[in-house]
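Enquirer: Below are the chains, spelled out letter by letter.
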Amino acid sequence: MSELYLYLAFFIITLAVSFYLNGYINKLFIGNKLTDPVNERSSHKFPATRSGGLSIFFAICVSCTFGISTGQLTIPLYALLSVFFLTLTGFADDLIVVRYREKIFLQLFAALLMINAGYTIDSFHGIFYIYELPYWAEIIVSLFVFVVVVNALNLVDGLDGMASFISLKFFLITGGIVLVSKPEWFLFFPIIISALIGFLWFNFHRSKKVFLGDTGSLFLGSIMAFILFYILDSESNLVTDSLISKPLLAVLLLLYPLVDNLRAFIIRAYNNKSPFVAHRVHLHHRLADKGYQHWQASVLTFSLSTFILVLNFLLYSLIGFIGCVALTSVLLSVLYYSFFK
Amino acid sequence: MKFFKILFFLCMSFNWLNSQVSDDAITLLVSKDSVSFYVFNKAGVTDYTILESKQLSKKYVKYSKPFPEELKQTKLESLSSLYSNDGSAYFLYPGGGILFKYLNGVFERIDESFAYRNQFSGHFFEYKKELYLLGGYGYWQSNSLLTRFNFELKNWELVPTYGKTPKLGINSGSFVLDGDILTVFDFTQRVDDLDVKNNSLYSLNLDKMIWTKGGLLNKMLFAENEKSFDLVVGFKKSLLQKNLTDSDLRIITPKDNLIKFFKAEGLHNINARAIIVGDNVVYPVLSANRQYETLTVKNLNENIVFLSEESLSNDFNLIVNYFIYVGVFCVLLIALTFFKFRKEKFVFFLSENSLSGLNKTMLINKDENFVLGLLVNSKRREIDNSYVLSYFKNSTISLDASVKRKNKVIEELNRKGLEKFELVLIIKKSKKSDSRKVKYQLNSVLEI
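Protein sequences, first through last, are from chains A and B.
Just remember that the working numbering sits 560 ahead of the position in the first sequence, which is counted from 1.
Just remember that the working numbering sits 15 ahead of the position in the second sequence, which is counted from 1.
Since the hints were derived computationally from the structure, they do not count as laboratory data.
Heads up, some of the hints might be wrong.
Computed footprint of chain B on chain A, listed as stretches where at least three residues anywhere in the stretch have a Cβ under 8 Å from a Cβ of chain B [unchecked claim]: (1) 721 to 735; (2) 852 to 861.
Cross-link-like lysine to any residue pairs, in silico, SDA-like; alpha carbons within 25 Å at most [stated by the list, open to error]: (3) B/Lys-116 with B/Gln-156; (4) A/Lys-587 with B/Lys-375; (5) B/Lys-252 with B/Lys-270; (6) A/Lys-833 with B/Val-453; (7) B/Lys-252 with B/Thr-311; (8) B/Lys-444 with A/Phe-899; (9) A/Lys-768 with B/Phe-363.
What follows is a list of derived Cβ distance ranges for each label pair [unchecked claim]: (10) B/Ala-130 with A/Pro-743: 41 to 49 Å; (11) A/Gly-883 with B/Ile-339: 21 to 29 Å; (12) B/Phe-354 with A/Thr-595: 25 to 33 Å; (13) A/Val-870 with B/Ile-125: 49 to 57 Å; (14) A/Thr-634 with B/Met-224: 35 to 43 Å; (15) A/Pro-636 with B/Asp-101: 51 to 59 Å; (16) A/Tyr-689 with B/Tyr-75: 55 to 63 Å; (17) A/Pro-743 with B/Asp-101: 45 to 53 Å; (18) B/Ser-413 with A/Ile-656: 39 to 47 Å; (19) A/Ala-576 with B/Met-224: 53 to 61 Å; (20) B/Asp-207 with A/Tyr-689: 44 to 52 Å; (21) B/Ile-196 with A/Leu-803: 15 to 23 Å; (22) B/Asn-170 with A/Gly-883: 36 to 44 Å.
All values derive from a computational prediction rather than experimental measurement.
For each residue, glycine too, the CB sits at the ideal point set by N, CA and C.
In isolation and in its complexed conformation, chain A is listed as follows (with noise of 0.2 Å):
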């Protein structure tokens, strides 16, 4: 019960810096007239800065201190310096333009640096019959999903509240299994999740709107990729490991964006045109453009990938993971003719 408490008071906390902060760099932000412009292709239609991806990282990197010094909590060091290099690739895209190849190569050496920090995808775990990777597959399996999923968070920030309710639905699943597995690094959950809803008010506000961008998006794509890796390692001992596949939750958990990206990539490849390029032949601007409010938007693909996710894990059992990836492949293909088509 004292643990819990705990959590509750670094939620709060957390909340309130997050709070704070958000609207203060916002403030600075517009006083130094770094501004999203509102054009045509833009969703937004009020002022609005991309300040929230910096505020997240320093409320976290506060509570963050509070947690570590009081002996709560645990980070593993060597991954953060991957995280932290990753962040500023986005500051600095975010007040430079840096072009997609730039970006990408970051994200590589990003990658780098977390696998020399010793966490990688070592297993395809039965995947296509493959279990133990050898070294050097192993370094590229991991390279591509670090810049995989780092980019599929940066690619569907498009409307309000939408990489802040995946990442949500992400944190609160994974929340759990590192609260059975891996305690002593369980605080930064409830501090990353109050950041991220700290950020989500301004991000709804109608005159002090507030954007991810891709400080934010960078950063958390980062933490996400971190905690993939976690999960995907053969040597970690997982509450669900008796409940689901560890591929296919890791899927799972980051549904939406992959379908999203996949789906695009396959698109814009298709009429010759880059990917990387800005685009809206994305899902959630299908939901726009057929009416739905951005928050709408956010939250029906929040509730719709998070009971997707919760009908594979109470079927995996009965079903297996071919029986999962079947029920997936047409539930998805049932609520794209229902909502997005």
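Following the hints, position chain B against chain A.
Expert: For chain B alone, kept in the frame of chain A given last:
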């Protein structure tokens, strides 16, 4: 001097007498069924039966063949033993390999292998009339090898297993065999030359030879630095664990995911050689003069008092509780979002020359009034560019000039809207199929 010489030889002879194996020496106890058990020593075996009165009836049999040479210098207690349903008792040499069998008065070696020495502390068990040895430690490494004794080849063979094998080894673990499922937990593995506890629950389906990984062990009960128990014996598809320094006892039933805790004051003199025979616990007790041992039989149920119970793997309860909180949190989050946006409609009043709302008024001209009116009255608050343009067309000016006029009016409306209400009033949209076809839409947060 002569007296001391006599005394010396007397002492020597007493020592020699003591070192001889007496027929009644209790060395290795092996449970047979729910009422009987064997006591083996190097001279023979005593077959004990527990009578209803808790008295023991016994029948001593001297080995009809010479006792195996390999065990002459080995303590019998160090052997792993089991009783098979065919009436034989099997004994495995420490580390694996050399196997002995007792049947009908004959204690003999039955293998043609050698002392492998790579499976110390492995689990020796019988499944479907086959003998298996799982895991263990040897040559500075722990392993999760499963070996089976081939009675025809008289040698041990490696049995391949699949699935989520604990690859880093199973050393000094706890094992419970129930049907086809062998549950394995509370074992150590070798990581970077250190013995590290594995905190997961594993089970091996012996029919399919597939490993599955269960949840994580209850952290309160299987702490990483917790010492192993002095006494670990199988008890009715459960496992009884006890330390000899206190009166606490626990019985683990993996099938029910349960650990029951008991106080066992009546078993204060129990020792690590104890066996379970039916509901009884049997163990040797040293006599008061420390000259010989006698067997003690105690009914387990009468000598233990139930205290409490816990989950063997409590993570499931913890994660269920966590997800209940998360569920409530998500519902609250969504409800609050709904609540926030339900209120987020900005009501405006449009008059001939002004747009009023949010306690502010913005002056508008006749053209702007027309555009706003058109949007308010249109279906889905959306109008085609051509409708708007038709208003601005005039025979006295060119089409280009009309377009410019229209664009200027809309831009001016948005500029004034942003300045006054911090709101973009009209949103320009292009058709996906043809970007030249433009539509104008009233901002969805406006209620005019």
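Enquirer: Hint by hint, say whether it matches the structure.
Expert: Hint check results:
1. 721 to 735: holds (count 5)
2. 852 to 861: Result for this restraint: holds, n = 4.
3. B/Lys-116 with B/Gln-156: The hint is violated at about 29 Å.
4. A/Lys-587 with B/Lys-375: Satisfied, since the Cα-Cα distance of roughly 23 Å is no more than 25 Å.
5. B/Lys-252 with B/Lys-270: Cα-Cα ~9 Å, so holds.
6. A/Lys-833 with B/Val-453: 23 Å, holds
7. B/Lys-252 with B/Thr-311: It holds: about 23 Å lies between the C-alpha atoms, which stays within 25 Å.
8. B/Lys-444 with A/Phe-899: 21 Å, holds
9. A/Lys-768 with B/Phe-363: 21 Å, holds
10. B/Ala-130 with A/Pro-743: 41 to 49 Å: With a Cβ separation near 43 Å, B/Ala-130 and A/Pro-743 satisfy 41 to 49 Å, so the hint holds.
11. A/Gly-883 with B/Ile-339: 21 to 29 Å: Given a distance of about 27 Å, which is inside 21 to 29 Å, the answer is holds.
12. B/Phe-354 with A/Thr-595: 25 to 33 Å: Given a distance of about 28 Å, which is inside 25 to 33 Å, the answer is holds.
13. A/Val-870 with B/Ile-125: 49 to 57 Å: 55 Å, holds
14. A/Thr-634 with B/Met-224: 35 to 43 Å: Once the Cβ atoms are compared, 38 Å apart, the range 35 to 43 Å for B/Met-224 and A/Thr-634 holds.
15. A/Pro-636 with B/Asp-101: 51 to 59 Å: 55 Å, holds
16. A/Tyr-689 with B/Tyr-75: 55 to 63 Å: 58 Å, holds
17. A/Pro-743 with B/Asp-101: 45 to 53 Å: Distance hint for A/Pro-743, B/Asp-101 holds at roughly 49 Å.
18. B/Ser-413 with A/Ile-656: 39 to 47 Å: 42 Å, holds
19. A/Ala-576 with B/Met-224: 53 to 61 Å: Distance hint for A/Ala-576, B/Met-224 holds at roughly 56 Å.
20. B/Asp-207 with A/Tyr-689: 44 to 52 Å: Roughly 30 Å apart at Cβ, these two residues miss the hinted range, so it is violated.
21. B/Ile-196 with A/Leu-803: 15 to 23 Å: At roughly 18 Å between Cβ atoms, A/Leu-803 and B/Ile-196 fall inside 15 to 23 Å, so the hint holds.
22. B/Asn-170 with A/Gly-883: 36 to 44 Å: 42 Å, holds
Checked against the numbered hints given earlier, this structure breaks hints 3 and 20; the rest are met.
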